[in-house]
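Number of protein chains: 2
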Amino acid sequence: MSESKKEEIKVIEWLGDRVRLLDQTRLPRDEVYLETDRYQDIASAIAELKIRGAPAIGVAGAYGVALGALGIEAKSGEGFQKKLLKVIKDIGSTRPTARNLFQALERMQRVAESTKAVGDIKQALIDEALKIHRETLESDLKLSELGSALIRDGWTVLTHCNTGVLATAGYGTALGVIKKAAEQGKKIEVIATETRPLLQGARLTAWELQRAGIPFHLITDSMAGYFMKQGKINCVIVGADRIAANGDTANKIGTYTLAVLAHEHGIPFYVAAPTTTIDMSIASGDEIPIEERKPDEVTCFRGVCTTPDECDALNPAFDVTPNRYITAIITERGIIRKPYDRHLAKFDFSGKRIEAD
Amino acid sequence: MSESKKEEIKVIEWLGDRVRLLDQTRLPRDEVYLETDRYQDIASAIAELKIRGAPAIGVAGAYGVALGALGIEAKSGEGFQKKLLKVIKDIGSTRPTARNLFQALERMQRVAESTKAVGDIKQALIDEALKIHRETLESDLKLSELGSALIRDGWTVLTHCNTGVLATAGYGTALGVIKKAAEQGKKIEVIATETRPLLQGARLTAWELQRAGIPFHLITDSMAGYFMKQGKINCVIVGADRIAANGDTANKIGTYTLAVLAHEHGIPFYVAAPTTTIDMSIASGDEIPIEERKPDEVTCFRGVCTTPDECDALNPAFDVTPNRYITAIITERGIIRKPYDRHLAKFDFSGKRIEAD
Numbered sequence: 000m001s002e003s004k005k006e007e008i009k010v011i012e013w014l015g016d017r018v019r020l021l022d023q024t025r026l027p028r029d030e031v032y033l034e035t036d037r038y039q040d041i042a043s044a045i046a047e048l049k050i051r052g053a054p055a056i057g058v059a060g061a062y063g064v065a066l067g068a069l070g071i072e073a074k075s076g077e078g079f080q081k082k083l084l085k086v087i088k089d090i091g092s093t094r095p096t097a098r099n100l101f102q103a104l105e106r107m108q109r110v111a112e113s114t115k116a117v118g119d120i121k122q123a124l125i126d127e128a129l130k131i132h133r134e135t136l137e138s139d140l141k142l143s144e145l146g147s148a149l150i151r152d153g154w155t156v157l158t159h160c161n162t163g164v165l166a167t168a169g170y171g172t173a174l175g176v177i178k179k180a181a182e183q184g185k186k187i188e189v190i191a192t193e194t195r196p197l198l199q200g201a202r203l204t205a206w207e208l209q210r211a212g213i214p215f216h217l218i219t220d221s222m223a224g225y226f227m228k229q230g231k232i233n234c235v236i237v238g239a240d241r242i243a244a245n246g247d248t249a250n251k252i253g254t255y256t257l258a259v260l261a262h263e264h265g266i267p268f269y270v271a272a273p274t275t276t277i278d279m280s281i282a283s284g285d286e287i288p289i290e291e292r293k294p295d296e297v298t299c300f301r302g303v304c305t306t307p308d309e310c311d312a313l314n315p316a317f318d319v320t321p322n323r324y325i326t327a328i329i330t331e332r333g334i335i336r337k338p339y340d341r342h343l344a345k346f347d348f349s350g351k352r353i354e355a356d
Numbered sequence: 000m001s002e003s004k005k006e007e008i009k010v011i012e013w014l015g016d017r018v019r020l021l022d023q024t025r026l027p028r029d030e031v032y033l034e035t036d037r038y039q040d041i042a043s044a045i046a047e048l049k050i051r052g053a054p055a056i057g058v059a060g061a062y063g064v065a066l067g068a069l070g071i072e073a074k075s076g077e078g079f080q081k082k083l084l085k086v087i088k089d090i091g092s093t094r095p096t097a098r099n100l101f102q103a104l105e106r107m108q109r110v111a112e113s114t115k116a117v118g119d120i121k122q123a124l125i126d127e128a129l130k131i132h133r134e135t136l137e138s139d140l141k142l143s144e145l146g147s148a149l150i151r152d153g154w155t156v157l158t159h160c161n162t163g164v165l166a167t168a169g170y171g172t173a174l175g176v177i178k179k180a181a182e183q184g185k186k187i188e189v190i191a192t193e194t195r196p197l198l199q200g201a202r203l204t205a206w207e208l209q210r211a212g213i214p215f216h217l218i219t220d221s222m223a224g225y226f227m228k229q230g231k232i233n234c235v236i237v238g239a240d241r242i243a244a245n246g247d248t249a250n251k252i253g254t255y256t257l258a259v260l261a262h263e264h265g266i267p268f269y270v271a272a273p274t275t276t277i278d279m280s281i282a283s284g285d286e287i288p289i290e291e292r293k294p295d296e297v298t299c300f301r302g303v304c305t306t307p308d309e310c311d312a313l314n315p316a317f318d319v320t321p322n323r324y325i326t327a328i329i330t331e332r333g334i335i336r337k338p339y340d341r342h343l344a345k346f347d348f349s350g351k352r353i354e355a356d
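Line by line, the protein sequences give chains Y and U. Residue numbers in the first sequence follow numbering that gives the first Met the number 0, run continuously in steps of one, and reach 356 at the last position. Residue numbers in the second sequence follow numbering that gives the first Met the number 0, run continuously in steps of one, and reach 356 at the last position.
These aren't lab readings, by the way, just hints derived from the structure by calculation. Each hint should be verified, as a subset may be incorrect.
The list treats identical chains as one, so a pair stands whether inside a single copy or across any two.
As the list claims (entries may be wrong) - Once the Cα atoms are required to be at most 20 angstroms apart in a straight line, the calculated EDC-like pairs of lysine to aspartate or glutamate come out as:
hint	residue 1	residue 2
1	Lys228	Glu144
2	Lys141	Glu309
3	Lys231	Asp285
4	Lys231	Glu309
5	Lys228	Glu263
6	Lys186	Asp22
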């Protein structure tokens, strides 16, 4: 795991009885950390995007449950479970779209329910949160390795939002694939979209790419079509917040547009995500809840309002890319191709990985 | 021309021996005017986007030439012409893409060359500039009237950048069509893209729509696909900076992406522009020069830098939409449909307007 050490970005850490996390809203200007032993602070940090990215909020959610558990005083196992459910509910009500958060919370709940001795539950929950974090890094490294085979030497890769260490608290998904390809000695150039409204591309991906020494150009989201038409983009690779059983993929707003553009230009469009992002309980993307955020993220920028007063704005945080636009889904257990419904239905989520093709 | 009076936005005015223009970079927060008798200030105002929009910079360019002419001291007609050519060259070297600027400069030059008595040239140039301005307003009103027939009652119309009074110093092109439809009593709602990097949608279109009392929602450029997929957009209407002889259209960066998205969703995609935007001297959009602007328009916003230091960015100001994506081109002389090369070749640019279909 030398890749992780090289980065030395501690996105989120368990410190025995409290959690320390990097406030990503302050990047790239300031490296400010939040340290807390209150699960409510973790919930707020998720809601306010101090920590963001589907896998990273899964990790944060798990640590949040561990913190919440440490704070519970209960005489009976039943009393403990009841209070823990409240903690899980509070953390789960922060952001609706990313599957990983709920996947992590469900794991934490199962551990709590299956640990017989009440005295052991707190430690079991801490252990499970640490395991979720560890597995996130392992998945990232595996899927990055697998995905890197799709990226050819000399390619210019377009990516959207931030899907690196900051987004996963591991190694990264889409950006992990790019970094891995570069580490293998491939000459890769990146076109990074700024990703309005919250500029995760301009603020976070630019910051990570600079640290990784990978050459890149920043563009506004509206420029992607221009550069595709010029023949300057060899592939698009993005992360995911939730993948339905048919392969439909929710990801940062703007992803769908990039997929349509890639399709129109015959450019491969890859989604990179750990299997914890896949939600087999929903048949299609129509069922994925899309978070609507406050209009002032659109009308203002860092406290500077750009519009006239009382300007109405819409702010869906995600969109859904239908499976037909997706060339392949890169997971830690293999690269999945069309037809996604059939391939995902027989996919072994717990066993050994399928062969990449 | 009550529509123009109602607006009461004086984008640019000829004041006898000087020009007064609204500094659009300060909108919507401040209404600041620049008053000058130096043509160089007009050139700078165009280069710095204090005045922008293809038709408006045509008008500004013409007034700039008139100011330049007033400042010329020359003993001979030949000396005058030589100095005037320098003025025209300086103004013409500000922004390369919009056809209207060159169209206006060519008209001014022709007037100078065809006016026999040297003593009459200055007044002839002033008269021509005023005529260009007047004709811009007339074209806007005509094309808005024609285009409004395409907009149905109850529609939600998506538009990009700013194409209103501010963009033309008249009534508006794409936004003129929308305003005209609303004036006719049609219930119209607008989705306005913010239009990164310079936020002409968020700053200028929002301002104009508020003044016109037309309900609208602002979105980031990356959200257009999301709302089209939801079935919320009935048509897209945009302006143009230059239209080639085959109908290929250069317009604000991001327009091409909207055209591809509209095509994918079966939504009509209209271009509204006066015939002064059409450049019959170039066969296709491949020949339209695309202005590259400074990267800091992408990396910073109003002095606030969003990226890490020394972040590279690309900043093409326009893109070209191939004719096949354009449902119709709305001009003051009629609505043009495919095949554009054939229809434009036989188009009467100076005579009476063709029938709208």
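Hint by hint, here is what the structure shows:
Taking the shortest Cα distances, Lys228 and Glu144 never come within 20 angstroms of each other, neither inside one copy (29 angstroms) nor across copies (34 angstroms). For the homomeric pair Lys141 and Glu309, neither the shortest alpha-carbon distance inside one copy (48 angstroms) nor that between copies (32 angstroms) is at most 20 angstroms. For the identical chains of this complex, Lys231 and Asp285 are inter-copy neighbours only, at 16 angstroms across copies versus 33 angstroms inside a copy, given an alpha-carbon limit of 20 angstroms. Proximity of Lys231 to Glu309 under the C-alpha cut-off of 20 angstroms is found in neither arrangement, the shortest distances being 40 angstroms within a copy and 22 angstroms between copies.
When the C-alpha separation of Lys228 and Glu263 is checked against a cutoff of 20 angstroms, the pair qualifies both within a copy, at 9 angstroms, and between copies, at 16 angstroms. Taking the closest pair of Cα atoms, Lys186 and Asp22 never come within 20 angstroms of each other, the shortest separation being 32 angstroms inside a single copy and 45 angstroms across copies.
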